[in-house]
Amino acid sequence: MKRMVARIAVYATASLVSLVFVYPFLWMLISSFRTQSAILSAPLRLWPERFDLTAFYSIGQIGGDPLGRFVVNSVVITLAATLFGVCATGLGAYALYRRPNLPLFASVRYGFLLTIMYPNMMLVIPLYFVVYHLGLLGSYAGIILSVSQVPLTFFVFVQFFRTIPREIIEAANVDGASEWAIFSRIVLPIARPVVATATLIAFLLNWKQWLPVVVLSTTSDSYTLPVALISLNSEYGINFQATMALATLTVLPVVVLFLITQRRVMDGIVAGAVKG
Amino acid sequence: MIALAAATHDAWRHRALYVYLLPFALLTAVFGLWPIAEGIRVAFLDSSTALGEAPDYVGLANFRSVLGDPAFVSSLWRTLLFTAISVVLNLVLALALALLLAHPLLVRGRALFKLAMFLPIITPEVATFIVWKWMFNQDFGVVNRLLTDIGLPAFAGLTTPLGAFITLVIVEAWHHIGLYTLIFLTNFQLLDPNLDEAAQIDGASRWQRLLRIKLPQLRPAITINTVYALIEFLKTFTVVFVVTRGGPNFSTNFISYDAYSLFATGAYGEAAAIATVLFALVFGLAATAYWAMERDAT
Numbered sequence: 347m348k349r350m351v352a353r354i355a356v357y358a359t360a361s362l363v364s365l366v367f368v369y370p371f372l373w374m375l376i377s378s379f380r381t382q383s384a385i386l387s388a389p390l391r392l393w394p395e396r397f398d399l400t401a402f403y404s405i406g407q408i409g410g411d412p413l414g415r416f417v418v419n420s421v422v423i424t425l426a427a428t429l430f431g432v433c434a435t436g437l438g439a440y441a442l443y444r445r446p447n448l449p450l451f452a453s454v455r456y457g458f459l460l461t462i463m464y465p466n467m468m469l470v471i472p473l474y475f476v477v478y479h480l481g482l483l484g485s486y487a488g489i490i491l492s493v494s495q496v497p498l499t500f501f502v503f504v505q506f507f508r509t510i511p512r513e514i515i516e517a518a519n520v521d522g523a524s525e526w527a528i529f530s531r532i533v534l535p536i537a538r539p540v541v542a543t544a545t546l547i548a549f550l551l552n553w554k555q556w557l558p559v560v561v562l563s564t565t566s567d568s569y570t571l572p573v574a575l576i577s578l579n580s581e582y583g584i585n586f587q588a589t590m591a592l593a594t595l596t597v598l599p600v601v602v603l604f605l606i607t608q609r610r611v612m613d614g615i616v617a618g619a620v621k622g
Numbered sequence: 503m504i505a506l507a508a509a510t511h512d513a514w515r516h517r518a519l520y521v522y523l524l525p526f527a528l529l530t531a532v533f534g535l536w537p538i539a540e541g542i543r544v545a546f547l548d549s550s551t552a553l554g555e556a557p558d559y560v561g562l563a564n565f566r567s568v569l570g571d572p573a574f575v576s577s578l579w580r581t582l583l584f585t586a587i588s589v590v591l592n593l594v595l596a597l598a599l600a601l602l603l604a605h606p607l608l609v610r611g612r613a614l615f616k617l618a619m620f621l622p623i624i625t626p627e628v629a630t631f632i633v634w635k636w637m638f639n640q641d642f643g644v645v646n647r648l649l650t651d652i653g654l655p656a657f658a659g660l661t662t663p664l665g666a667f668i669t670l671v672i673v674e675a676w677h678h679i680g681l682y683t684l685i686f687l688t689n690f691q692l693l694d695p696n697l698d699e700a701a702q703i704d705g706a707s708r709w710q711r712l713l714r715i716k717l718p719q720l721r722p723a724i725t726i727n728t729v730y731a732l733i734e735f736l737k738t739f740t741v742v743f744v745v746t747r748g749g750p751n752f753s754t755n756f757i758s759y760d761a762y763s764l765f766a767t768g769a770y771g772e773a774a775a776i777a778t779v780l781f782a783l784v785f786g787l788a789a790t791a792y793w794a795m796e797r798d799a800t
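Respectively, the protein sequence lines represent chains P and R. Per the working numbering, residue 347 is the first one in the first sequence, and the count goes up by one each step. Per the working numbering, residue 503 is the first one in the second sequence, and the count goes up by one each step.
These are calculated hints, taken from the structure and not from any lab test. Quick reminder that beta carbons are idealized off the backbone N, C-alpha and C, glycines included. Each hint should be verified, as a subset may be incorrect.
[Said to hold, decoys possible] Quick list of the computed label-pair ranges, beta carbon to beta carbon:
#: 1; chain 1: R; residue 1: Ser567; chain 2: P; residue 2: Leu460; range: 24 to 30 Å
#: 2; chain 1: P; residue 1: Val422; chain 2: R; residue 2: Leu654; range: 43 to 49 Å
#: 3; chain 1: P; residue 1: Trp393; chain 2: R; residue 2: Gln640; range: 20 to 26 Å
[Said to hold, decoys possible] List of simulated lysine to any residue pairs, SDA-like, C-alpha gap at most 20 Å:
#: 4; chain 1: R; residue 1: Lys716; chain 2: R; residue 2: Leu601
#: 5; chain 1: P; residue 1: Lys348; chain 2: R; residue 2: His605
#: 6; chain 1: R; residue 1: Lys716; chain 2: R; residue 2: Val532
#: 7; chain 1: R; residue 1: Lys716; chain 2: P; residue 2: Val620
#: 8; chain 1: P; residue 1: Lys348; chain 2: R; residue 2: Leu602
#: 9; chain 1: R; residue 1: Lys716; chain 2: R; residue 2: Ala700
#: 10; chain 1: P; residue 1: Lys348; chain 2: R; residue 2: Arg708
#: 11; chain 1: P; residue 1: Lys348; chain 2: P; residue 2: Ala358
#: 12; chain 1: P; residue 1: Lys348; chain 2: R; residue 2: Ser707
#: 13; chain 1: P; residue 1: Lys348; chain 2: R; residue 2: Leu608
#: 14; chain 1: P; residue 1: Lys348; chain 2: R; residue 2: Pro606
Start from the sequences and build out the full structure, keeping to the hints where you can.
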């Protein structure tokens with residue numbers, strides 16, 4: 347009996363805590379379907395009176411730009427940065443794992459560790475100067491290259507490479523296999539899961555990016571969904587319902603992706619964070 | 503000479519690896535190291551000439567002007583206070599949540615609870631912070647409605663300096679705590695069950711076992727979480743930008759937001775000087791925390 351009470355208490359606490367984490371998402375979703383006056387009178391309601399889609403129609407145009415542009419920008423920038431970043435980071439981590447003692451390799455490693463210690467928010471200000479010198483201000487290339495390196499994925503890769511028994515590679519080396527053969531025939535086939543994990547994590551984290559996009563854009567032409575949301579938040583702060591609708595659109599893709607891939611993402615991020 | 507020849511030979515033999523490393527090295531150099539160097543250089547330039555052809559070097563003038571600016575000095579103390587409160591609060595709560603999730607009576611649904619906690623980490627914080635901003639709104643907000651419904655006094659939220667500060671502590675904790683909790687949970691799996699059993703047999707109370715047996719074994723997670731949380735909270739920015747814009751009355755003007763405000767008005771030199779100071783601060787504090795905890799461990 348006492349055990350039963352204890353169990354109920356544990357479950358109740360865990361549920362309550364989970365509710366605190368999930369509730370903002372629920373409120374956002376419900377509020378995007380409710381009228382302003384309805385929310386004013388009953389903010390806590392857990393189900394909309396009716397599904398009012400006005401807000402979703404109203405964000406078809408944001409500050410004179412079609413919503414579609416922000417969606418396309420988000421998808422293009424996130425995908426390009428993710429693909430390029432995962433390839434560069436994966437290959438780089440592999441090279442550093444294979445022969446950490448080659449000339450210059452240690453400098454690259456230390457250089458990388460130094461950059462991740464610099465607060466990334468603060469890096470954006472000098473990044474503006476660099477991208478300005480490169481002549482890439484306002485371009486997709488400038489934004490994509492600036493966000494493509496996701497440090498966490500480096501540690502995800504490093505951790506995976508450590509699990510490959512050195513003997514396998516040494517044996518191939520003795521047999522006279524080229525570096526390319528070792529990489530493509532031995533490492534790549536077993537690396538598929540880690541590549542998938544790194545890609546997912548990079549995608550989720552790149553989708554969130556907003557400050558580099560704000561700072562490196564010269565017009566709203568290269569704005570992504572989070573940035574559109576910020577301008578909606580500051581310019582039309584009063585249009586609460588539209589803000590909730592756009593927030594829902596910004597959050598929904600990553601929530602769905604996360605719910606499909608949950609364990610892979612959580613384990614990857616935690617392992618990368620712990621081992622990094 | 504021979505060593506150099508050997509190194510060159512070795513490098514040539516593994517030239518393929520250099521090709522693999524090249525994109526990563528370039529990204530690190532161009533979009534990591536160059537901005538850091540550039541940030542430090544700009545900190546010594548006159549703002550109006552910083553982006554021009556012939557920049558004016560002004561020595562430590564930017565640092566002097568920043569350190570003499572009461573807005574910056576107060577933002578520095580405010581950031582340190584916010585960081586101290588947040589690090590302690592997040593670590594204690596994360597440990598409590600991890601203990602809850604690892605509770606033996608919680609057999610099913612653990613994955614679901616973990617999922618809920620992790621959701622804020624992977625969702626765009628711009629969106630979730632905006633939602634929180636509205637949840638704390640006095641007219642619309644669910645927070646006040648909930649408080650008054652259960653008979654508690656209303657919370658002033660974002661309208662008073664103290665309320666805004668507390669709001670940011672809460673929202674930031676909501677955003678970060680899931681990761682710290684999961685890091686604690688991974689550490690739990692490495693605990694030695696024999697020690698706990700032995701202590702139980704010796705008649706140690708639950709608290710004694712937690713403090714004397716579990717906590718010392720959780721040192722790796724505590725170290726990692728402290729260093730992460732320190733870095734994370736020292737550079738708190740997005741939540742300020744989205745929710746309070748530094749106000750009311752500068753009560754949430756943290757260092758990074760102060761730097762950004764200067765940058766946005768074209769005071770590049772001063773902004774870069776603050777960035778450099780913050781970098782030194784983050785680096786120094788994180789290194790000290792790491793060193794202190796590692797030293798204690800041995």
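The hints, checked one at a time:
{"no.": "1", "hint": "Ser567/R / Leu460/P: 24 to 30 Å", "result": "27 Å, holds"}
{"no.": "2", "hint": "Val422/P / Leu654/R: 43 to 49 Å", "result": "48 Å, holds"}
{"no.": "3", "hint": "Trp393/P / Gln640/R: 20 to 26 Å", "result": "24 Å, holds"}
{"no.": "4", "hint": "Lys716/R / Leu601/R", "result": "10 Å, holds"}
{"no.": "5", "hint": "Lys348/P / His605/R", "result": "15 Å, holds"}
{"no.": "6", "hint": "Lys716/R / Val532/R", "result": "45 Å, violated"}
{"no.": "7", "hint": "Lys716/R / Val620/P", "result": "19 Å, holds"}
{"no.": "8", "hint": "Lys348/P / Leu602/R", "result": "18 Å, holds"}
{"no.": "9", "hint": "Lys716/R / Ala700/R", "result": "13 Å, holds"}
{"no.": "10", "hint": "Lys348/P / Arg708/R", "result": "17 Å, holds"}
{"no.": "11", "hint": "Lys348/P / Ala358/P", "result": "15 Å, holds"}
{"no.": "12", "hint": "Lys348/P / Ser707/R", "result": "18 Å, holds"}
{"no.": "13", "hint": "Lys348/P / Leu608/R", "result": "15 Å, holds"}
{"no.": "14", "hint": "Lys348/P / Pro606/R", "result": "15 Å, holds"}
Checked against the numbered hints above, the structure violates only hint 6.
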